Structures are given as C-alpha cells and as structure tokens.
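For the protein sequence lines, the chains are A and B, in the order given.
For the first sequence, the numbering used here assigns the number 10 to the initial residue and increments by one for each residue that follows.
For the second sequence, the numbering used here assigns the number 462 to the initial residue and increments by one for each residue that follows.
Worth flagging that the hints you see were computed from the coordinates, not collected in a lab.
Please note that the accuracy of each hint is not assured.
As the list claims (entries may be wrong) - In the DSS-like style, the derived pairs of lysine-lysine whose C-alpha atoms are separated by at most 25 Å in a straight line are:
1) A:Lys22 with A:Lys12
2) A:Lys22 with A:Lys198
3) A:Lys203 with A:Lys228
4) A:Lys198 with A:Lys252
5) A:Lys203 with B:Lys653
6) B:Lys642 with B:Lys501
7) B:Lys661 with B:Lys683
8) A:Lys23 with B:Lys659
9) B:Lys639 with B:Lys690
10) A:Lys202 with B:Lys653
11) B:Lys661 with A:Lys202
12) B:Lys653 with A:Lys23
13) A:Lys22 with B:Lys664
14) A:Lys198 with A:Lys23
15) A:Lys23 with A:Lys11
16) B:Lys661 with A:Lys22
17) B:Lys679 with B:Lys659
18) B:Lys664 with B:Lys639
19) A:Lys244 with A:Lys196
20) B:Lys664 with B:Lys653
21) A:Lys22 with B:Lys659
22) A:Lys198 with A:Lys244
23) A:Lys23 with B:Lys664
24) A:Lys11 with A:Lys22
25) A:Lys23 with B:Lys661
26) B:Lys659 with A:Lys202
27) B:Lys729 with B:Lys717
28) A:Lys22 with B:Lys653
29) A:Lys244 with A:Lys151
30) B:Lys653 with B:Lys639
None of the values given here were measured: they were computed from a predicted structure.
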Amino acid sequence: MKKVFSRPESLRKKFVFHYCPGCGHSIAHRVIAEIIDELGVRGTTIGVPPAGCAVLAYNYFDVDMIEAMHGRGPAVATGIKRVRPECLVFSYQGDGDLAAIGIAETFHAANRGENFTIIFMNNAVYGMTGGQMAPTTLLDQKSTTSPPGRNAVLDGYPVRISEILAMLPGTAYIERCTVNSPANIVKTKRAIKKAFQYQLDGRGFSLIEILSPCPTNWKMSPIDACRWIDDVMSKQFPIGVIKDEPAKAAGKEGAGHDR
Amino acid sequence: MQGNRIIGEAAIRAGCRFYAGYPITPQNEIPEYMAENLRKVEGGVFIQSESEIAAINMVAGAASAGARAMTSSSGPGISLKQEGISSMAAQELPGVIVNMMRGGPGLGNIRPSQGDYFQATRGGGHGDYRTIVLAPGTCQELADLTMDAFDLADRYRIPVVLLADGMIGQMMEPVVFKEPKPRQYSADYVLKGAGTGKAKTIKGLILDPLDMEEHNWKLDRKYRVIAAKETRCEIFNTDEADIVVVAYGTAARVAKGAIKRLGDHGIKAGLFRPISLWPFPTEELRRLAGTRKEFFVFEMSTGQMLEDVRLALQGYADIAFHGRPGGVVPTPVELANVIVRQYRRDR
Chain A
10 MKKVFSRPES LRKKFVFHYC PGCGHSIAHR VIAEIIDELG VRGTTIGVPP AGCAVLAYNY
70 FDVDMIEAMH GRGPAVATGI KRVRPECLVF SYQGDGDLAA IGIAETFHAA NRGENFTIIF
130 MNNAVYGMTG GQMAPTTLLD QKSTTSPPGR NAVLDGYPVR ISEILAMLPG TAYIERCTVN
190 SPANIVKTKR AIKKAFQYQL DGRGFSLIEI LSPCPTNWKM SPIDACRWID DVMSKQFPIG
250 VIKDEPAKAA GKEGAGHDR
Chain B
462 MQGNRIIGEA AIRAGCRFYA GYPITPQNEI PEYMAENLRK VEGGVFIQSE SEIAAINMVA
522 GAASAGARAM TSSSGPGISL KQEGISSMAA QELPGVIVNM MRGGPGLGNI RPSQGDYFQA
582 TRGGGHGDYR TIVLAPGTCQ ELADLTMDAF DLADRYRIPV VLLADGMIGQ MMEPVVFKEP
642 KPRQYSADYV LKGAGTGKAK TIKGLILDPL DMEEHNWKLD RKYRVIAAKE TRCEIFNTDE
702 ADIVVVAYGT AARVAKGAIK RLGDHGIKAG LFRPISLWPF PTEELRRLAG TRKEFFVFEM
762 STGQMLEDVR LALQGYADIA FHGRPGGVVP TPVELANVIV RQYRRDR
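Using the sequences and the accompanying hints, generate a full structural model.
Next up, the structure:
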C-alpha cells in the first residue's frame, strides 16, 4: 500500500503537542518540519525557540535548538549564524516577543541583513501568560489588560511590524500568511520554503509572519477563530508578499554575509 | 600598551573569535580594538550590537555554536546584560564578560570605582548561580587573566567576569603576552546541526520543580569544585606585618604605595590581594589570621568585599575599613594616613 501521509522526519517521534485545540503553532511546526525534510537540511538546521507558548518547540522539532530569553531570539540567531554560516538558522517568535520586548533585536538583525529567517507568529495576544494585550492587538479587541477593548488613546495602535521591517534595505523577503484554512496553509508552506531557500542562497534577512488563531484567548471556537482571521484580523494585517527582492544574490553588496 | 587594548589583543590570542558590544565609557577601546583587529583574523566576527542585552545574547548564540566569545561593558551596561548572564549560567554556556567599573549607582560617572563587587560576585542576575570573577591589578594581569578567563569558561562551561575599572583600562604599561594554551573543552554541547545523529537542545526552562532543583544542585556541585580549586591571590610582605591590608585591583595598587609609606611611620604592613573575587580566597586569608594580625580592608566603594573578608575571618581578627565610593581614587598618602590614625587609636 502506498504511504500518503506520515510524520516529518524533522519532528520527534513520540509526542503530543501541548498546544490548545485550534492553535496555529502545531500547524506551523509541522509545515516547518516538512520543509526542512524537503530541503534535506535537517542535519544542518539550528532553531531558536522563544519564551512564550512555543518555548517547548525543542520537544517537537528533531533539530538542534537553543532556547532564547524573551525577545532575544534574533540576537542569539545572529551569534549562531555568524559562527556557522553553513547552517540553516531560524528564530521562532510570537508577537510580544518580536514586536514588544524584542523589537530592538528584531529591527537591528533585519537592518544588518542577517542571513537567517524569522517565523513570526502573530495571534494578537500574549497567549502563554493568559491573553494580555500585545503590540498587535487590534483596536477594540478585548484582552485581559484591555478589558473594554484596545483604546488607541490609552493603549496605542496595533503595529504592522512586517511593513516596517520591509522598509529596511537589509531585508530580502517578507510575507504575511495565515494558517486558517488548508489553502492558506499551503501558501504558508510555500512562503517559508522560499524564505529558507533565500537564506541558503545567502540573500539576507527573511521573515514570514503567520496570522495564527488563538481560540482560547480570543474566547472563540476554533472555527470562529479561523473566520475571525478572514473577517477582521486580515483587514488590519493584509495577507500577501510585502517585500521580495530575488535579485539580491549572494555576494552582492548588502546581501547576507558569511561573517 | 593601553589596558583596554591589551584585553582585546589577549582575547584574540586566546582564540576569541566572536565579540559583540555596545559603546560605553570607560571601555570603548575594547570594541574599537576588536573592530580593527578581530575581523582580520580568520573566522573572527565583530558586531557592534544595538544594545547591551543584544550583545550578551549574541555571545550566548556564538558560544552555543562553539566559538570562544566575549563582550565588554561598564556598570550600567553590565546591569543590562544580567538577563543574558543568568541565562548563560543556566544553559552552562562559556563566555567572557569584561566590566570596566565606573562610579555608580545609576548613570553615576565615568571615573574608576569598585562598586560592582556585589553584582559580580553574587551572580548578578536572577536565580541561584555564580560566575567566576577575576580582578586584574596590572596591565600584565589584564593580559594573563583575559587568557585564563577563556580557559576557565571552557573548563567549567560558565560565564567568567573580568572585573577591573576605568583606571586599569586607561593605564599604559609594558606587557608580555604569554603563549595561549591549546583550547581544551568538551564540545558535546555545541550546536552545528544534528547531522545524521540525535538533535541537541540547549535550554534553561525546566518546568518540573524537582528537575529544576536537581539542575540547581548540579550547578552548585560545579561551583563547589570551582571554589575548591580556582582561588587566586597575591600575598605581599605579610610575614613580619602587624597590619594586613586587604584590597584588589586598582585599590591594591594604592595600598602597595601606602604600605611603603607606613614603614616610615614604623608600622609594618603587608597586603592580601584577592585575584579571584569569586571564588573568594577565604582559606588563604584565614591562614593569615592564624597569626592574629590586624586586617584593614580598603576598597573604592562603601564596603562590599568587606563582607567576604568578615565571612572569612569571622571573629579571628580585627577588621578595619576605609572606602572611597563614587569614582574617587585616593592617593597612597591618604590611605597611609588613615591607617596610621587607625593604628595609633587602637594602641
């Protein structure tokens, strides 16, 4: 009998994801693992999980990993990639990790054109700590620290970090995706694979933002959460390629550096 | 050669291949030296980081990838790095952190000080951990101890702090660089991709309290070995001495000058200079107390090492103290006069 579905080699053999039902993390993990398999780079991949819901990613990925302190993934990844330019290096970060406490590390790694990839999971809340307001929380969205809904005057505005990073000359490829439907998961996979390939080609910094459902903290059913991404969240965070500079070939001025 | 530049050169000779740092006075010559010279070495990486926090986390990343890595800063910057130092201690990553102490607290000033002794010797960040702390007193020791710091960091997989001050960093003295030892370390933790084998994980998050406790005890066992084996000190002129001055770093230089002058007043004084501040050379100091001497602690702070001296001597000897915090470096004459007054009052 032909085997049509199996667990990726780059995921560990025996575990159950600890993520809540309907969460986007497990989908993103699987997609990344499939791509690592397809590119044949499991043996040379180093991942950097964050503080947050995905902190236990090293229990799932069967690749070398080092956990970073909250927000410091891009700095840790910088140290690794500069020492081991031959490795595929990715940092996996949530919205609070990347766009709040780690904004400096993210911004400057992008600005230096560090030749690694960030997987940016945007679920518009702090998930692990119980649903507090994140930099990406939408206006009027309720959270445990914006109980009546986010108020621009008191709480500021949701940050479109991908668009900001796209303005930096050091970035090569930035795309926003979502994992709320099979079709969108396929598109997400295509985007991450392209980002990893750009990195392997030495083109510099890439970031894939994934709008990820958080039914638990959004207080929705998984299906409603997926719908909310289409109906509401993607209006604030439009899906699509934000920046793509394929001409940024290895060795060219401003492209990814070995050292 | 200037002190700060000596650190850079010694680090490169010791095989340091990764440096990340952020500008802060009085240590700017270290990143400047690395920018100029580390990138010339094969595999050498210099990054001027966006922040002190980023610098220490880059060092952690580079260390996890197997490089000898270093960062440097001064007081306020070291405070920012504590998150990363704590994390490196938890993850048992080697690395060298230079602190050219300046006057504090807060922004303080940029004059030489020894106010960061507590921070350096008590771990400094959150959690139950220690770092090895080496305190050079001369430019020659800057060279020697920088090299030793990398060896110790590798041997024990621990962050090592080189604790000096703006005075030594800016000073110029002749120096001879010793031949670095070949790097000896067990590379089994190093991340380079799993190859065809098992994937490795470096982490500090241990959710089960019993497992976390065991990790703490494991670190503690390591610290006990270090405490037993890695103390260093200089004992100077103590055989005939009535008073032993206890001082480290720049303060010990001042103390040596004062000790010479005390002879003119008919007071026999010697010096006990801790070179490793953690582990503190407790046994060595206690042995001196066996002969019932008076001890005089001198620091460029309000009295921090004083506590370790008290712990070491606990009741065995009389301990007096003189300190000048805030970036003031007293002269040997001032210190000699204080000791003379103290000595005469006691008699």
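So, going through the hints one by one against the coordinates:
1. A:Lys22 with A:Lys12: holds, 17 Å
2. A:Lys22 with A:Lys198: holds, 21 Å
3. A:Lys203 with A:Lys228: Distance of about 34 Å is beyond 25 Å: violated.
4. A:Lys198 with A:Lys252: holds, 17 Å
5. A:Lys203 with B:Lys653: holds, 22 Å
6. B:Lys642 with B:Lys501: Holds, because 21 Å separates the two Cα atoms, which is no more than 25 Å.
7. B:Lys661 with B:Lys683: holds, 22 Å
8. A:Lys23 with B:Lys659: holds, 14 Å
9. B:Lys639 with B:Lys690: holds, 22 Å
10. A:Lys202 with B:Lys653: Given pair Lys202 (chain A), Lys653 (chain B) holds - Cα atoms ~21 Å apart, limit 25 Å.
11. B:Lys661 with A:Lys202: holds, 23 Å
12. B:Lys653 with A:Lys23: holds, 24 Å
13. A:Lys22 with B:Lys664: Cα-Cα ~20 Å, so holds.
14. A:Lys198 with A:Lys23: Holds - the C-alpha atoms of Lys23 (chain A) and Lys198 (chain A) are around 23 Å apart, at most 25 Å.
15. A:Lys23 with A:Lys11: Given pair Lys23 (chain A), Lys11 (chain A) holds - Cα atoms ~23 Å apart, limit 25 Å.
16. B:Lys661 with A:Lys22: holds, 15 Å
17. B:Lys679 with B:Lys659: holds, 23 Å
18. B:Lys664 with B:Lys639: With Cα atoms ~36 Å apart, Lys664 (chain B) and Lys639 (chain B) exceed 25 Å; violated.
19. A:Lys244 with A:Lys196: Between Lys244 (chain A) and Lys196 (chain A) the Cα gap is close to 18 Å, so the pair holds against 25 Å.
20. B:Lys664 with B:Lys653: This hinted pair holds, its Cα atoms lying about 16 Å apart.
21. A:Lys22 with B:Lys659: holds, 12 Å
22. A:Lys198 with A:Lys244: holds, 22 Å
23. A:Lys23 with B:Lys664: holds, 20 Å
24. A:Lys11 with A:Lys22: Holds - the C-alpha atoms of Lys22 (chain A) and Lys11 (chain A) are around 21 Å apart, at most 25 Å.
25. A:Lys23 with B:Lys661: holds, 16 Å
26. B:Lys659 with A:Lys202: With Cα atoms ~24 Å apart, Lys659 (chain B) and Lys202 (chain A) stay inside 25 Å; holds.
27. B:Lys729 with B:Lys717: holds, 12 Å
28. A:Lys22 with B:Lys653: holds, 21 Å
29. A:Lys244 with A:Lys151: Distance ~17 Å between Lys244 (chain A) and Lys151 (chain A) Cα, so the pair holds.
30. B:Lys653 with B:Lys639: violated, 31 Å
Hints 3, 18 and 30, counting from the list given before, are not met by this structure.
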